[in-house]
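Engineer: Residue numbers (the numbering used here), protein chains in the order written: chain S, 981 to 1102; chain E, -19 to 449.
Bear in mind the hints are in silico, worked out from the structure with no lab data behind them.
In silico DSS-like cross-links for lysine-lysine, where the CA-CA straight-line distance does not exceed 27 Å:
hint	chain 1	residue 1	chain 2	residue 2
1	S	Lys1043	E	Lys353
2	S	Lys1043	E	Lys445
3	E	Lys386	S	Lys982
4	E	Lys353	S	Lys1099
5	S	Lys1043	E	Lys442
It should be emphasised that the depicted structure is a prediction, and the values quoted were computed from it without experimental measurement.
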Amino acid sequence: MKVLEKLQYLPSHEWVLVEGNKAKVGISDYAQHALGDVVYISLPEVGDEVTADESFADVESVKAASEVFSPVSGTVTAVNDALDSDAGLLNQDPYENWIIEVEFTALSENLVDAAEYTKLCN
Amino acid sequence: MIDLLFELSKKGSNKFSMPELDVPEVSVSAKRGTELDLPELPEVEVMRHYTALARRVHGVEDGPYPLGSCTMKYNPKVNEMTASLEGFTGIHPLQPADTVKGCTEVLKLTHSALCAVLGMDAVSFQPAAGAHGEMTSLLVMHKYLQSIGQTQRTKIIVPDSSHGTNPASAVAAGFEVVTIPSYPNGMVDMDALKAAVGDDTAAMMLTNPNTLGIFDKQIAEMSKVVHASGGLMYYDGANLNAIMGWARPGDMGFDIVHVNLHKTFSTPHGGGGPGSGPIACKKFLQAYLPYTELDYRQGVDAEKSIGKVKAFHGNFAVIVKALTYILALGAEGLKDASGKAVLNANYLFRQIASLYGEEYRHCMHEFVVSASKAGDEYGVHALDIAKAMLDEGIHPPTIYFPLIVKEAMMFEPTETESKESIDSLAETMAKIFSVAASDPDALHAAPLNAYIGRPDEVKAAKEMKVRYN
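Next comes chain S alone, as it looks inside the complex (with noise of 0.2 Å):
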């Protein structure tokens, strides 16, 4: 299982890239192997607003539909549409393959670093 030291997670297997007031935010490594093949992805649009530790999108795999958590609070600024025709990139790589693009004013606290993150996955 792969858990990038750049990244922030959630203990729900969202990551967040923070760069200024800008955030990517996708699912973790761990979560694409939980789910198994990712078969649809239901997405936000632009200018939608998101709050942190809610549900932004839903998520459905051969197993299971689940919801994906928000680890910031803000506008999104940018929906990645490629995952809309195939959200199996979500399994081929998922930090590249991020989700949105959140403008944000505020973090989850429920935010951990990668060193905490891989802890709570073993």
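For chain S, the structure is supplied; the task is to place chain E on it using the hints.
Structural biologist: Showing chain E alone in chain S's frame:
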């Protein structure tokens, strides 16, 4: 692949003679505007088609079927016998009520038997299956809440271990779903429940024993918390087979329930059934139940009723089968069936827990083990173990559910498996686990003997084909 009857059809090959017409002739084609596209085949070809299909199926008559959460017990043949009696098959639902008194008696008897098992006051037989029963119950609760002016109650609380159909039905019925966490043993986190309830709570949906096969002892307190907030308690009857005759949802504080006659009461299940998912409720809700013309019970109010959710009395022949089972077993027999279902699950669990690297712990009628501890090391997953079971003539357990357990495998042997059958099932599991350790690739390649090996589930989900042309 097996060709469909429509693909095998050859115009003019139907050589059967119809009985003489004794009613005025109506041209269906003239009314429809087009010819009916019905397949035409000689009888023998039709029989070969269905026999070929039947050979590819695994039913409980072929071998063990320990599918957790779905109670796949053996359905006694006497059920089929009673359901095919002419008095039940040769009637029409629009016949005058005084010409079908035997059928109304069946409904009355089943009504009172279900009320006795469930601790409820009224039943509707209309829902055709479990999720349909959930949906109908939610509509009943919605109508009730509306009638007492509580329209702000829009939220349904479900635990994170709930059956997927619960939140799905709630959304379909127009409610909003609030998911609350469970403790690792699957019991509901009471603090989370207390925090979740409020004057917007419509109901809580729950199954007990829960999806981990544990009886949630907090149930009386849960009902108290939800009722104190003004919400209702809904019981998902999927796990009723664990408690028949021992405990009643009505006594646990539930207001409305659905039961699956095709799980608990030995009517056919899977492959088209058809199923039957009657709902039962306490007196204060009965006026809102689906309305039926034939009055075999008092208290449904045509004005207040949510209306019809299926024609007439639902799948009537299935009700006949369930009543046959109930009468054949009697009150003591039903209690004994649940007792043995729990005993069998514990007996199997005790034998296979160590294979999974787990400690045996008491369970109800089903148990969940994780394939992660034993399998991760060899790169073997719950799916591989399940596929290997197919090669051994056993239907696999439910896998990857509940979601709160990693690599979950959920076993429910039911009361109809003998001790010898469970012993042999346990031996087979031991054999599969030894292959997992010595030759994991053999499990990755399984099944070798099934007609269909590993279907492309991604393709099936993304490119769904639901018609033949």
